[in-house]
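Here is what each chain is made of, one letter per residue.
There are 2 protein chains.
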Amino acid sequence: MGKQVWKSGNMLYPLPAVMVSCGRQEEKPNIITVAWTGTVCSSPAMVSISVRPERYSWAILEETGEFVINLTTKDLVRAADWCGVRSGRDTDKFSEMHLTAAAASAVACPLIAESPVNIECRVTQRIPLGSHDLFLARVLAVDVDEALLDEKGKLDLSKAGLVVYSHGEYYGLGKLLGSFGCSVRKRTGKKRKAGSRPGNR
Amino acid sequence: MGKQVWKSGNMLYPLPAVMVSCGRQEEKPNIITVAWTGTVCSSPAMVSISVRPERYSWAILEETGEFVINLTTKDLVRAADWCGVRSGRDTDKFSEMHLTAAAASAVACPLIAESPVNIECRVTQRIPLGSHDLFLARVLAVDVDEALLDEKGKLDLSKAGLVVYSHGEYYGLGKLLGSFGCSVRKRTGKKRKAGSRPGNR
Chain B
13 MGKQVWKSGN MLYPLPAVMV SCGRQEEKPN IITVAWTGTV CSSPAMVSIS VRPERYSWAI
73 LEETGEFVIN LTTKDLVRAA DWCGVRSGRD TDKFSEMHLT AAAASAVACP LIAESPVNIE
133 CRVTQRIPLG SHDLFLARVL AVDVDEALLD EKGKLDLSKA GLVVYSHGEY YGLGKLLGSF
193 GCSVRKRTGK KRKAGSRPGN R
Chain L
13 MGKQVWKSGN MLYPLPAVMV SCGRQEEKPN IITVAWTGTV CSSPAMVSIS VRPERYSWAI
73 LEETGEFVIN LTTKDLVRAA DWCGVRSGRD TDKFSEMHLT AAAASAVACP LIAESPVNIE
133 CRVTQRIPLG SHDLFLARVL AVDVDEALLD EKGKLDLSKA GLVVYSHGEY YGLGKLLGSF
193 GCSVRKRTGK KRKAGSRPGN R
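Chains as they are written, first to last, in our numbering: chain B, 13 to 213; chain L, 13 to 213.
Among the clues, some could well be false.
Because identical chains cannot be distinguished in the list, a pair is counted as satisfied if it fits within a single copy or across any two copies.
Claimed, not checked - In the DSBU-like style, the derived pairs of lysine-lysine whose C-alpha atoms are separated by at most 30 Å in a straight line are:
(1) Lys86 to Lys40
(2) Lys15 to Lys198
(3) Lys171 to Lys187
(4) Lys166 to Lys187
(5) Lys166 to Lys198
(6) Lys40 to Lys15
(7) Lys198 to Lys164
(8) Lys86 to Lys187
(9) Lys171 to Lys86
(10) Lys166 to Lys86
(11) Lys187 to Lys15
(12) Lys86 to Lys198
(13) Lys19 to Lys166
(14) Lys40 to Lys166
(15) Lys198 to Lys19
(16) Lys15 to Lys166
(17) Lys19 to Lys40
Think of the hints as simulated: they come from the structure by calculation, not from any bench.
Chain B with its partners taken away, still in its complex shape (with noise of 0.2 Å):
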């Protein structure tokens, strides 16, 4: 069988669909779900988000240029779907969700206790591209639930119990397939422990 074209369209998956956490100071605090987001910069660590400006979280984002991304588990794939699908003009969603804001350690708005990795970041650019605008932002602080760390404080995140988006669909991971440069190392015998070499790519 061969390939058909098609005119355009976005198949870029699979996805991460964080909870992105924001908040005006003396307001109630807003979580809006987003898959289009992505690692943009190593060194300074940076991301994306991208989010339509008709969403009650872009005027926050724009006035108070800061927010959390908080990773979606499978304990929390049924608020992380809600949360996308309504709207903070209509709803307390922490509140409705059962979800604690807590304090972040570098931005003033709060991140989501249940999320076991919080990525506090502040807005440095907004590039308008048409549906979504597109905000860059510096990662400030990395907030790690200690039940991720082994022994000796290593990060395992496979523990987490991390979701993906693809096409509509939210899958929790699967097997392990390999390690980043595995296909030149040589063949040891012995399974490499998760975590051990992040891939900074």
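Given chain B, work out where chain L should sit, using these hints.
Quick look at chain L alone, frame taken from chain B:
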């Protein structure tokens, strides 16, 4: 247990790890594997890739303004890893990895025939960020393996065996946990067919 606060770093996972093909006319094409990639806009469909200026592909991307994102499957993990570790300065990656450089429809550089989904892109902007330059690009065409289409021509991307990259490890996809909008749909007891709602966020 609580959380540890780390100063900064790249902790947004899982991510796609795509093979980006590129090339100048009359020269051997190249492949660079990129995990710092994402969708940045729905309409027009746009993606980003981040590439270090010292990489062999950087000058090709800068000069030609074109590339193809080739999604990575289980069968392509070794090739993807190898194309991320080796440099095209020293090797012909298509030849070494026994991959087929096939003609794309909207760009002059080739796509990887063995990848089931190829996203043909034209660069609109390059933004230097530090270690990496961020290339923003329009999606001009998407090539989809007909084996992924059902009898009605609908895409079932779950058949592709796509992989993700998470903190130095490659994983297949695991259990289906839900679909976009599942948190607000009434339960019918029926399982939704994968891919029936792409979730254009």
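Results of checking the hints against the structure:
1. Lys86 to Lys40: within (26 Å within a copy, 44 Å between copies)
2. Lys15 to Lys198: neither (36 Å within a copy, 36 Å between copies)
3. Lys171 to Lys187: Answer is both; intra-copy 13 Å and inter-copy 16 Å each pass.
4. Lys166 to Lys187: The answer is both: 21 Å in one copy and 27 Å across copies each meet 30 Å.
5. Lys166 to Lys198: within (24 Å within a copy, 42 Å between copies)
6. Lys40 to Lys15: between (49 Å within a copy, 23 Å between copies)
7. Lys198 to Lys164: Within one copy only: 26 Å inside, 46 Å across.
8. Lys86 to Lys187: both (16 Å within a copy, 10 Å between copies)
9. Lys171 to Lys86: both (11 Å within a copy, 22 Å between copies)
10. Lys166 to Lys86: Both: 22 Å inside a chain and 27 Å across chains, each within 30 Å.
11. Lys187 to Lys15: both (28 Å within a copy, 27 Å between copies)
12. Lys86 to Lys198: between (35 Å within a copy, 20 Å between copies)
13. Lys19 to Lys166: between (45 Å within a copy, 15 Å between copies)
14. Lys40 to Lys166: This pair counts as neither: shortest intra-copy Cα distance 35 Å, inter-copy 42 Å.
15. Lys198 to Lys19: neither (43 Å within a copy, 34 Å between copies)
16. Lys15 to Lys166: Between copies, since 13 Å is at most 30 Å while 44 Å is not.
17. Lys19 to Lys40: This pair counts as between: shortest inter-copy Cα distance 27 Å, intra-copy 42 Å.
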